[in-house]
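Enquirer: Taking the hints into account, I'd like the entire structure generated from these sequences.
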Amino acid sequence: MVVIKWSFGNSICSKKQIEMIKLELKNIVRNPLVSILVLFLFIFILFASYNGKSRVNKQLEGIELVKNKENTFYTNHKNNLKSIEEGTKKTPKRVFEDPTNPVAMGNYYGGTYLTVTPAPLSVISNGQSDIFPYYSKVNIGGTNAEKNNDNFENPMNIATGGFDLAFVFVFILPLLIIAFSYNILSSEREQGTLRLLLSMPINIKTWLLKKIVFRYFFLVLLISAILTLSLAIIGVNFSNVTYLILLSSIALYTLFWFGLAFLINLLNKSSSQNIILLLGTWLLFVLIIPSFVNILASSVYPSPSRVEYITSKRAIEKEFEKKEEAILQKFYEENPSEKDKENNTTNRFRKYWNKNFILLNEKNKFMDAFESKYENQSMNQREFANKLSWFSPAIIFQNTMNEIAETDTQHYLSFQNSTKIFQKEWTEYFYSKYKNHQKLTVEDFNNFPKQKNN
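Under full-length UniProt numbering, the sequence shown has 315 at position 315, and the numbering climbs by one with no breaks.
Among the hints, erroneous ones may be present.
Claimed, not checked - Derived lysine-lysine pairs resembling DSS-like cross-links, with alpha carbons at most 25 Å apart:
no., residue 1, residue 2
1, 420, 373
2, 322, 351
3, 58, 452
4, 78, 450
5, 205, 26
6, 439, 137
7, 387, 330
8, 323, 269
9, 433, 90
10, 355, 322
11, 424, 323
12, 323, 365
Simulated from the structure, these hints should not be mistaken for lab results.
Expert: Here it is in structure tokens:
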């Protein structure tokens, strides 16, 4: 007799059992409920993919816009500088238009935009992209990600951007699994065929497990096919290991819900009781526990509101302004040679920026101390929430989707940190030119600090 291995340990599956598998497949395909579920699944995945692609396209358009603005600014000034060096043009009288002036090119209308380039699979999850800025202008004066961020706490963006693939898989997929498997055993009993099954030489648990496993693989393969097709339709590049990690994550999350359905079916309850129990667990793991984790983390480590943060920041800035004279006096006492240079300077522009560079350095230290207080509180809140996330597979899966899409909180925080580091590099480059009374050359324009890969 021809045999093949079945999926359970060392047990053997005969031709008769293969026929049973074919029969099960026919029953699933002919079931109108399954057809409806497959249709809805395809629509949800395709729409969510399109929604994610639209969000990514908007980000790419925003990045292209600001980078074009930056390139136009420096290309024009570089061409002007080339003409000045060739003697066909005079140096502009207005300081802000002077391409040889380091401060004019490194500050004011100058500066460079640092950006968060969307990952290949960023379409799958909005994550924190509706909250954190994806580009920031950096110049001598600092960074202004908040000013340039079109998405920051925009209720419309958050409301319309929430339906992504992560939402489909985290929230909707378990409901489809419940509808697909809640009555596998109870329907046999309610139709009067369970006694017939029990009269056969089969183990009812093994029979149920085979049914669950078959449906599990059927749905996982179906999801993989639909997802791959949807991403191909919208032109997403998914030919990498990350996509396999995504499919594996979906398979594990699906396995959890089918495992839960298997246990509920074993309770020998009615179909209505089964679906109530399964919907109850869905509410618990997908809605209640995540909400509880969020509330508890916010209570234990409360973070200030955005309004409170901005108000406090403005108050700190005003406090710093009151201390400016004292800061300058202390600096000159410690660096008397700088005071002599200040007294000998007749150029009002240099007089202003001599003081400004001193104050900028001190202000950065002042503001770093202020912001670290809020950053530490937010970090404690995130770490606490991550510890509690193990109580809900939905939270773990959502976080995994965000990490795969590179829209997780840590990714954006890393961008913010790299922005601060780059701002110091940018300022140092132009300050060294300014301090040494060096005029910019065409070659200098080619050597401006540039963003490293994020």
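Enquirer: Could you tell me which of the numbered hints above are not met by this structure, giving the numbers in increasing order?
Expert: 7, 8
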